[in-house]
Amino acid sequence: MKQPLTNYLRSFITYLVCWTCLGHVVLSAPPESTFDSTIRPIFKERCFACHGSLKQEANLRVDTAAYVLRGGDSGNTIQPRDPAHSLLVSRITSTDLSIRMPPEGHALTSSQIDSVKQWILDGAPVPKNDHPEPSPSDHWAFQPISRPEIQLPTNSDHSFANPIDFFLSLELAKQNLSPQPSATPSQRIRRLYFDLIGLPPSPTQLNSFLTDNAPDAYNRTALQLLNSPQHGERWGRHWMDIWRYADWFGRRYVPDVWNSAPQIWHWRDWIVRSINHDVGYDQMIREMLAADEINPGDPNSAVATGFLIRNWYALNPNDWMRSNVEHTGKAFLGLTFQCAHCHDHKYDPITQQDYFSFRAFFEPIGIRQDRLPGEPDPGPFQEYEYSTQRKVQRLGIVSIFDKNPEAKTYFYTNGDERNRETDHPTLAPNVPQFLAQHFYPPKSLLQLPASAYYPGLNPQLRELLTKDLEKNIRIAESELRHEKLTFETTSNAPTTLEAQAKLQRLETEYHSAFANEDTSNQPFDSHSLLLNATAGRRMIYRSLPECTQPLSEAHISFDISIRSKSHLNFQLTRDSSKGLTASFVGFENGEIRAYKPNSFEEFVVAKFDETQPTHFHIEIRIVPQIDQAELTVLTLSRKETLATKIPIALNQWNPYQNLTQGILFDARPGALAAIDNLSIKSQPTSSTNSDLIPVVHFDFDSSEFNLDSDIITLPHWQSLSFSIPPADSRIVRRIPNETQLLLKKEIAQMRRIAQHPKLKLQQAEANLSAAQTHLDAHRATVQADDQKFRPDHNNTNGLSDRELANNAQIQQRLAELHTQEAACLAREVALADCEAKPHDAANRLTDIQTAQTAWANAKALLEKARQSFQQPVTGDYQPLTRSYLPQSTGRRTALGQWITHPRNPLTARVAVNHIWMRHFHKPLVNNVFDFGRSSPEPRQLQLLNWLAAELIESNWSMKRIHYLIVTSEAFQRSSSGNNPVATAVDPDNQLYWRMNTGRLEAEVIRDSILHIADSLDLQFGGQELDNNLSFTTHRRSIYYCCQPEEDGKSPLGQLFDGPDPTDCYRRTRTIIPQQALALTNSSIVHQAAQKLEEKLRPNIANTPSQQLFIEAAFQSILNRSPSQDEIDSCLAFLQSPSPDLSVESSTNETANRQRCASLLRVLFNHNDFITVR
Amino acid sequence: MLPRRNTSCGPCRPSESRRAFLADHGLGFTGMVLGSMLSTDRSGLANAAFDTSRAAVAKSVIWIFLSGGYSHLETFDPKPALNRYAGLTFDKTPFENPINSPLHRKRFRSVPAEEINVRDVYPTIYPMQIGFRKHGESGIEITDWWPHLSKCVDDLCFVRNMWTTDNDHAAENQIHTGRHRLDETQPSIGSWATYGLGSFNDNLPKYVVLGGPTHSNTRQSIDSYYLGPQYSGVPIALDPKNPLPFGQRFGQQSASEQAQEFELIHRLNGLTAREYPEDAELSARIRAYELAYRMQSAVPTAVNVNNETEATRRLYGLDHEITKVAGERFLVARRLIEEGVRFVQVFPSAYGTWDSHQKLKENHSRLCQSVDLPTAGLLLDLKQRGLMDDTLVVFCTEFGRTPGLERRGGGIDGRDHHPNGFTIWLAGAGIKKGFVHGETDELGYHALGSGHYVTDLHATVLQLMGINSRSLEVPGRRRLDIDHGNVMTECLI
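So the protein sequences, as listed, match chains A and B.
Numbered by numbering that gives the first Met the number 0, the letters in the first sequence go through residues 0 to 1172 in order.
Numbered by numbering that gives the first Met the number 0, the letters in the second sequence go through residues 0 to 492 in order.
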């Protein structure tokens, strides 16, 4: 209790002191109210958000003195003249953060607190005009747009061709200001060119305008430029700023795509095209948000959803959603939704609930990646996966679709998605309540046409696929013809005949040696696995995905027949990828070895007689609880026990969900052994029954183990990289001896060599069959697709859905069979090629090994293709492309319709403000992305409203607005500030009595330099180019990479305020010395000057010619004629000797030309080159 | 208002011939508020930033940033408890389990969404990898990997209770911009510090960056965003031949030919200025060209360390391979502030260098060696040249490292990222000497008390430069309370 008392005392003393000091004032006269001047601003900044017109927490408002006096739920807020007993004072001065006001941020400063106390001490006088904060619904930008009438004042003798001039004239007249006269024709035309196409007029264009005396010359030029293809690039770049266009980024140095997408440039091209076609602004918004729903199945429109894809952030879907909400709000509506992410909006009537409801529009979306006709399939869109790089996929297009219509939007607090409020109901899509008048939520799921969810129906895609397949047939036919010719010569070639003879000899030799072999030494009755490392080493690994729960107990057993002294072991692997061993049983030179429990220390478990073929039965009992195993070794006949339950290491081996912990056999060089009856049984963790359940069992007899095929071709079996060719691991019926193995191998090799010409021919034939059956399969697929997806399709052959689907499936199986046959033959040929190499050829053995593995794999696939015919025909054929959900939620369509509803008060206003700003270099509404309550009513609100209404009523034609603006008198005025009266009254030109000067954007600077030198490449569209190419290649700047990483801006963009792709609703405009260095020292300026010099090359010898050159240089670069002073300065420059040259050489041609180029560089550095006057 | 520091700046004085053409437009705008002069949109703002109630103490800042996150435990915040309880989990120690503290989650936020994040917490205590002892009269304990810096502890002020929130390397951006990767982007501290501040030397940029940032996505650390490029850090290469972008004449062009071009540019712009006398941008551009011309020769001179004495070069370790890189950058930093550059941001090593998920001992022992002598050298040099009193040195990193052993990928000898507590130090202008402020808990896990979020460091730097962070506002770009931070008054004299 001590602390409050002290506080109280201190307050009381302050009170006394203050009261004493101010006593006489109170007595003499009622004090002036400081509420409006001092108190209200403090409250406005810190308190109105919760205690004003927006919200009245605890029923308290503090936006008028009267409200403060009235108090709220807690009673009186203040005791006039008694700050010490005023609740307000105790709340704002409290040190207890749970009750201190304001609750967020820092406390009021001591001087602010003193002011409040003083006002209370003065008796809390109410100001005369004690007005409440306006209601949010009264805010100017939230009022419906109505077109203001154009009523000329009766006494006006001026008529206005352009409503813009009418509205501007109202304020000018009020201030009695006369605007500047029109700018010079060359200034006006330069302005027009830069504004509409982002390039300067050529001297010819300039001249043809200057000599055109028709009254409509200017307006005609405007129309012509609006219809130029460069207009879309110019304004496309402006809108790309606002819509945050960014090429892919994330970790470009890896490279790893975290943000946006490598195919996003299709969206950029869509923007440019749409602007050139004057697609309505409303239509563009709707497509950017929901092209997949409103133009389903149209890939040209689908790329518009790049607007949302640009926001993609692979690592965090919540972040993606946040950006979608924030930038949809800022770009289209001028609303700062993002403030309501953490708490209710402080100024605008957007609650946190509204925020998440708005997010719900986007919640179901995902990105799909589709093949473009004539291109290979890019595969499915790559989602984020930890430690996997998201690769730079340039093929196909990406677009938005509703991936998960059931996705729930949760409410979470403080902007941290980890604070999900699970008891808060999930949110349905909705718009902020104060603007909800024309919002129509989707009533039901939208059914999409099949072409939308199954792009395989695209006729162009089908046709190009057909063409490809037909081409393959032609190639295969021609190859076959070639092979037939070759065959005739090679089949009788001496090498072939020699090989055939040798083969015959070998076969006879084998037959005589092994025909009557004794089989009594065979330990296993049927097939077994033979590890043959008589040469090389074989390390085969089997992962155990069948192990679906953690092991609590397990038994591993197998039979092994050992035929050599060399080392051979069985392992439980710790990490197969690194060759690490957890536990093992090894056989070598008559010893059986293993690791001691809980260690990696080897010990001898038992010994055996290695001189005889030896057959063992091995059992390993695994006890994970004590991290040990027990090893039992019996002879196969079970007559003898070599080891019983000897503890050995387990070292945490547990194959559950770990594909690098499986089993492994390692046959070291020289080892030969056979394995059979390999089995693993385990006890399910859940079971109380002690019976062990088989996890895997291999007796190598079943049909999957093809005789003589290498086991590594089967699923989950693999040969580790430690293997050394030519060792192998085959399924055998008998366990042969070494001589037999070698001979057999030699026979197989010789057979392939002997048959090589025939194999080649067979392969070519198989290729042709494969190509033909593929085309058949494709046609069958197309037919079945038509039947399945297009009910109106005219089916001429009278087959049912099912029959067509079955047919497609059969045709596909056939195509697959022929493909695999051809592949198998190709592998066999490749193997034969390797085997036929001279024995001392480099890497021969490795190549043979690789070819063998490839052939084995091919055989396995062929077998699979063969077996597919054993499966029932189900009509389940392989579609041409991926397919998606046939429904979409319609949420984004509803959002787009609401945003572009003619009665939406914000959309058109925000748009025309952006357009205005980019013509007049200054917006009508200063904060271009925030039209909320912190944005005061603009001075030219009438004009803004009129333009907004005009935009809506002209079917949202942006070209219409451009035309109106650039043909206005205001736009064509001189930018000179030479008007003392106006400068005095309106120095900042708020009333547009003159035109503002502009500065060329970074892109326009580069494009213009190139254009002036006739170097600009006007090719349209395509994948973005690296910025490091921006000086050596000459496309328009819009086509170079734009993203927030280091290489995301061109060197000029870095210095001349190039767009910041994270947020660029309005570009900054700066003047820094580095800009001067860029224009004086960059190669682009030097090269342009060189090229322009060649173009304008004068006869430099005489002064009149030099003057003409100067004239032409000014026309080309500054689009105007030089003044006499300028000519004089330039002449002096041209005629003064270059400091680099001696006097005698200074007269020569080269020197003169250098001087001219030098002058051109100077003009590129002239202020008025980068300035639009 | 503030005197130019080095008035006898021989090498960067314009030559006589250039003076002739520069004379009529005057160079006398030293100390003026360049920002407001060049940008009509923000006139007056920059002046408002000055906190008139406090005098500027620091004229310049050298901000040293060690990328990757050095372990506070093996550098400046030794914790004997780690050795005592090595191998045990937190809950087996007598201390409260730091993972159970609400602070753990509050100050620890990964960029990947929780459902796809694989990062774990590591509860098994990993002992300190190096010994430590008391140093100086102040008796401050730092580890034995700092044989040279340890002699300077009586000049340093350690802040041992820093915290941040980004648990990934975007924390590098966070310590410079004050925001988590998932929040909106803000200008860097260097940009704010130079926003609106006058320059002491018009021939050099106000905000210079040496040695970094070396990876493309950490550009935020020097970027000015909505303040415009004039407030972005200007990366300068330590190559006197080509230190600046476009800082070298093209091709074979000679200096005198270029000088003539500049003269003509100047003359022609002057003619236009007669026609548009009220065009502020034009006059600003004329000055920018003058400045550019001088900058082109001043910058190479500033980065050229060849005429430093052998003793100075040794002081910074330029004579040894391991210390050469950092040493050269620190030496150039000193030269730059001597010439009047306001903010020099030094990256002594590349992106992520200090990141020690494995082999912490090997990594940190080598890296400490690479900066120990140069850092001590810088401090000594500043002192002996009398620059210490008005230069602020900041030595920092993006986050600390876990007291627990990182087990990810079967790790056996490293520590993971640790935003919950880390240590930085300050020295020089207005800073207490031989002082330790703040602490982490016994296990070095949590910054105790309210600790200091990264923007507290910003507020401190700004205040020492005479700027009140809260008045740094740009219309339409409302900053949050967290962006301004609170001055670490305890560290100030």
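Do not take every clue at face value.
No farther apart than 27 Å at their CA atoms in a straight line, the calculated lysine-lysine pairs in the DSS-like style are these [unchecked claim]:
id: 1; chain 1: A; residue 1: K606; chain 2: A; residue 2: K644
id: 2; chain 1: B; residue 1: K382; chain 2: B; residue 2: K105
id: 3; chain 1: B; residue 1: K382; chain 2: B; residue 2: K91
id: 4; chain 1: A; residue 1: K577; chain 2: A; residue 2: K390
id: 5; chain 1: B; residue 1: K360; chain 2: A; residue 2: K577
id: 6; chain 1: B; residue 1: K91; chain 2: A; residue 2: K407
id: 7; chain 1: A; residue 1: K638; chain 2: A; residue 2: K577
id: 8; chain 1: B; residue 1: K360; chain 2: B; residue 2: K91
id: 9; chain 1: A; residue 1: K577; chain 2: B; residue 2: K133
Rough simulated footprint, nothing fancy, chain B against chain A, three-plus residues with beta-carbon under 8 Å [claimed, not checked]:
id: 10; segment: 100 to 112
id: 11; segment: 438 to 451
For the record, the hints were derived by calculation from the structure and aren't laboratory data.
By construction, the Cβ of each residue, glycine as well, lies at the ideal position given by its N, Cα and C atoms.
Taking the hints in turn, this is what the structure says about them:
1. Proximity of K606/A to K644/A is assessed by CA-CA distance (about 15 Å); at most 27 Å being required, the pair is judged to hold.
2. Straight-line distance between C-alpha atoms of K382/B and K105/B comes to about 40 Å, which puts the hinted pair past the 27 Å bound.
3. Of the pairs offered as hints, the one joining K382/B and K91/B is violated, with about 47 Å between alpha carbons and a cut-off of 27 Å exceeded.
4. Of the pairs offered as hints, the one joining K577/A and K390/A holds, with about 26 Å between alpha carbons and a cut-off of 27 Å not exceeded.
5. The suggested pairing of K360/B with K577/A holds, with an alpha-carbon distance near 25 Å, which does not exceed 27 Å.
6. Note on K91/B and K407/A: the hinted pairing is violated, with a Cα-Cα distance of about 41 Å set against a maximum of 27 Å.
7. Simply put, K638/A and K577/A have alpha-carbon atoms about 39 Å apart, too far for the 27 Å limit, and the pair is violated.
8. Annotation: proposed proximity of K360/B to K91/B holds, straight-line Cα distance about 25 Å (limit 27 Å).
9. Taken as a hint, the K577/A and K133/B pair is broken in the structure, with Cα atoms around 45 Å apart against an allowance of 27 Å.
10. Under the rule that three or more residues need a Cβ within less than 8 Å of chain B, the assignment of the segment 100 to 112 of chain A holds, with 3 such residues.
11. Counting residues of the segment 438 to 451 of chain A whose CB lies closer than 8 Å to any CB of chain B gives 0, which falls below the minimum of 3, so the coverage claim is violated.
Hints 2, 3, 6, 7, 9 and 11 from the list above are not met by this structure, while the remaining hints are.
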